[in-house]
Every structure is written in structure tokens, then in C-alpha cells.
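Peer 1: Sequence:
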Amino acid sequence: MSNQTEVLLVLATAALRDLYVGFPNDEIAASNGTGLDLLLQELVGHLRGLGIDDEGGWDCDVTQAIPVKRAFSPATLKQG
Numbered sequence: 005m006s007n008q009t010e011v012l013l014v015l016a017t018a019a020l021r022d023l024y025v026g027f028p029n030d031e032i033a034a035s036n037g038t039g040l041d042l043l044l045q046e047l048v049g050h051l052r053g054l055g056i057d058d059e060g061g062w063d064c065d066v067t068q069a070i071p072v073k074r075a076f077s078p079a080t081l082k083q084g
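For the sequence shown, my numbering gives the first residue as 5, with consecutive numbering after it.
Treat the hints loosely; a few may be bogus.
Claimed, not checked - Label pairs and their in silico Cβ distance ranges:
(1) W62 - D30: 14 to 22 Å
(2) Q68 - D30: 19 to 27 Å
(3) P71 - V25: 15 to 23 Å
(4) M5 - D63: 20 to 28 Å
(5) P28 - R74: 35 to 43 Å
(6) L54 - P28: 13 to 21 Å
Just so you know, these hints were derived from the structure itself, not from any lab.
Source: prediction; values computed, not measured.
C-beta: ideal position from N, C-alpha, C; glycine also.
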């Protein structure tokens, strides 16, 4: 597991706990600031950057433009 994955997992766990006990969304910690929206962008960006395709299941106003990284592009394949 990469260091970035571990950091985001720790932040996501803390965020869930903070939401559970009643902290407002804008006080949730992200790796580059605060706000549940920023943490969600970071998490979805990281997971899609690893090639995990959620088929739009994580889409909302702050994540829908984040692409899934593909291991290869079909246009780069050559017929042999």
C-alpha cells in the first residue's frame, strides 16, 4: 500500500468518525486543507488514478470530472 493510500485511508476514517459525532462538513480534514468536498475529491482522484473504475458510483458535483486512469489506450494497440 502506498504512503498516499495510507494517508487517505487515515483521513477517511477520521472523517467518518467526525461526521458521526457531529462535526460540520467544512471542518473535515483533507490532506491539502479542510472540507468534506476536498477529501472526497482526493479519495476519488487517488482511487481512479490507480485505475479503479467505480462506473460513476462515486460521482457527485465535486468528483464527476475526475477520470479513471487506464493502463493503456485502445488507440495505442496495434494489430500484428
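Peer 1: Hints first: check each against the structure and report whether it holds.
Peer 2: Taking the hints in turn, this is what the structure says about them:
no.: 1; hint: W62 - D30: 14 to 22 Å; in the structure: 20 Å, holds
no.: 2; hint: Q68 - D30: 19 to 27 Å; in the structure: 21 Å, holds
no.: 3; hint: P71 - V25: 15 to 23 Å; in the structure: 34 Å, violated
no.: 4; hint: M5 - D63: 20 to 28 Å; in the structure: 25 Å, holds
no.: 5; hint: P28 - R74: 35 to 43 Å; in the structure: 37 Å, holds
no.: 6; hint: L54 - P28: 13 to 21 Å; in the structure: 30 Å, violated
The structure shown violates the earlier hints numbered 3, 6.
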